[in-house]
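Participant: Heads up, the sequence shown is in this note's numbering, so the first residue is 1 and it goes up one at a time.
If you're looking for bench data, these hints aren't it; they were derived computationally from the structure.
Idealized CB from N, CA, C, for every residue including glycine.
Watch out, some of these pointers could steer you wrong.
As the list claims (entries may be wrong) - If you anchor each label on the Cβ, the simulated ranges turn out as follows:
1) A23 with V101: 30 to 40 Å
2) R27 with T87: 37 to 47 Å
3) R27 with Y82: 33 to 43 Å
4) L22 with K89: 20 to 30 Å
5) S86 with Y17: 31 to 41 Å
6) T79 with G35: 19 to 29 Å
7) L81 with Q106: 20 to 30 Å
8) Q106 with V83: 18 to 28 Å
9) Q24 with G97: 32 to 42 Å
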Amino acid sequence: MEYECLLLPSVVKAVFYPEASLAQLGRGLDIVQKGGCDIPFELQSRLAKGELSGDVLTFREREMLQALLAGLSNQQIATSLYVSESTVKTHLYRMFGKLNVNNRAQVMAWAQRHLMADVAESQGS
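Required output: the full structure, derived from the provided sequences and hints.
Facilitator: The following block contains the structure:
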C-alpha cells in the first residue's frame, strides 16, 4: 500500500512536526511553493508498511478523510472524486461507524488524536 492512501498529495502537501525548526518549516514551505511535497520519510515509511491507525479505513474512506480534513463539502468531495453526493454520504457513514464518531468535528478530533499520536510515536522511536 502506498502512502498516498492516507496522505493524498492533491490534499496534503507537507507535514511538519510540532518541534520542527524555523529552518525546517522554511525549507518545507519552499518545496510546497515550488509544487512539491514535504512529507517526512519516516511517516511515508510507516504509512507504506500499514503501521498507522488509519489502516482500518478503505482507500476511498481515506480519500474522504483527507477531503474532510481539507474542509471540503460533500458536493465538493463528490465532484473531486467523480462520484455522486449519495456515494460520498455512504462512504462517510461507513467511515464514521468505523471510527466511532457521529460528525465531521469528531472526525477532526479523531484524526488529531490518532494520526498525530502515531506521528509522535514515530518521532520518539
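Participant: Hint by hint, note whether the structure agrees.
Facilitator: Against the structure, the hints come out as follows:
1. A23 with V101: 30 to 40 Å: holds, 37 Å
2. R27 with T87: 37 to 47 Å: holds, 39 Å
3. R27 with Y82: 33 to 43 Å: holds, 35 Å
4. L22 with K89: 20 to 30 Å: Taking Cβ atoms as reference, L22 and K89 lie about 42 Å apart, which means the hint is violated.
5. S86 with Y17: 31 to 41 Å: holds, 38 Å
6. T79 with G35: 19 to 29 Å: With Cβ atoms ~23 Å apart, the hint holds.
7. L81 with Q106: 20 to 30 Å: Once the Cβ atoms are compared, 22 Å apart, the range 20 to 30 Å for Q106 and L81 holds.
8. Q106 with V83: 18 to 28 Å: The hint (18 to 28 Å, Cβ to Cβ) holds, given that Q106 and V83 are roughly 23 Å apart.
9. Q24 with G97: 32 to 42 Å: 38 Å Cβ-Cβ, so the 32 to 42 Å window holds.
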